[in-house]
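For the protein sequence lines, the chains are L and P, in the order given. Sequential numbering of the first sequence, starting at 1, is according to the numbering used here. Sequential numbering of the second sequence, starting at 1001, is according to the numbering used here.
Since the hints were made in silico from the structure, they are not lab data. Heads up, a few of these hints could be off.
Stated by the list, open to error - Chain P regions said to be covered by chain L (calculated; three or more residues, Cβ under 8 Å):
no., segment
1, 1062 to 1074
2, 1102 to 1114
3, 1167 to 1177
All residues carry an ideal CB built from backbone N, CA and C; glycine is no exception.
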Amino acid sequence: MFLVTELVTLLATNLILTQALGTSTLFIAAGNKKNLLWTAITITVFTSVGSGAAYIVNALLPDGLADLTLLFYTLIIGAIYVLLLTALYFAGSDSFETTRKYVHVSAFNCAVMGTLFTITDRADAYPPLNTFINFVLSGAEAGTGFILAAFILTAAYRKLNSAKVPASFRGFPAMLVYLGLISMAVYALR
Amino acid sequence: MNKKKTAVFDGLLGDNTVLSSLMVISPVIMCGNTLENAIALIYAFSAITFFAVLLGSFVPRRLPYAAKIIINAVIASVVYIPVKSVAREFFPEVITNVGIYFPLLAVNSLIVVQSETRFYRMRRLSMTASLVFYILGFDAVMIVTAFIRELFAYGTIAGRLVDADTLISGLGLPFGGFIFLGLLCGLYRKLRSMSGRGGETGGDGNVSGN
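Based on the sequences and whatever the hints tell you, model everything.
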């Protein structure tokens, strides 16, 4: 029962299905299961670490300089981007050529940046959520939500790209309509 | 010469930012449900993208790819600051409605991905012209989407009531945005294939995030 409740919560707060964040990245990743898994893991790293750093930025940035939030978030993501590339390079320079593409795709996209802003907005609206741990956990939850949405799309990927779908709607248009239907179901859960 | 001209105009119809490459679709899905939102987003997207890509073209090409992407994103975040200040004057309510989608425009794919893979490989004059048409391509889709969704979801045009018999309230919600954009994308591909501009499976398959 606990798992079902968690799954429903994850769906109801899913950034892709409820806020359309990272939809195109999802479409790129869904074509290949290996790409999907690595992209999702990399996005989760960015959202978790980025959210923790966003908490620190929010705490240090005076209210009068709120317009600089985006700039600081960009610098955070930029720093994680460089650190992750460096770590991957030293972890295995042979596989670096393959693994770095996931970092390039995941760094600056709406899923990551949107997560930082969404978590900050939620914390502003409900102050008890404004803790470092909550920021990191919410970031990890957003990444997990991305994985869940990716699996939902992967389940229908082959059919949405099959010859049975009219040529004009095959692929991306069918995937958008499919995500719309799933999003409608999730909307009913909220 | 003709091919060159077509490439410059591509962003408007042939290789539309939203319908062909599926870039910058989240604001269209989430906020493209009223003309008021659409106009504010068009202003922000156009200003941020145009100035950020133009300024980014002065970044040395010899730098590593990741460094250039970060610099492009930082430039866009700096351009965002005056753009938001102006928007606060002209669209104070819309900024609240649009919420997080306003700053997210600064990390759109045209700035962080397409600038390196497409625009900065062109001469500056052609790049500027091409960029303008890519921006206009987004603007056109945003206006059409917002007009139709507002009319059929709320029975209004730019906030003014019109005599619409059938309302589909779901069209104003995120899932309505997904479904509407999917149908628009399919229609765009059909029209493209009929005009002989591309196969029905459409686009260049160049989906690049965001």
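TODO: Mind listing which of the numbered hints don't hold for this structure, in increasing order?
DONE: none
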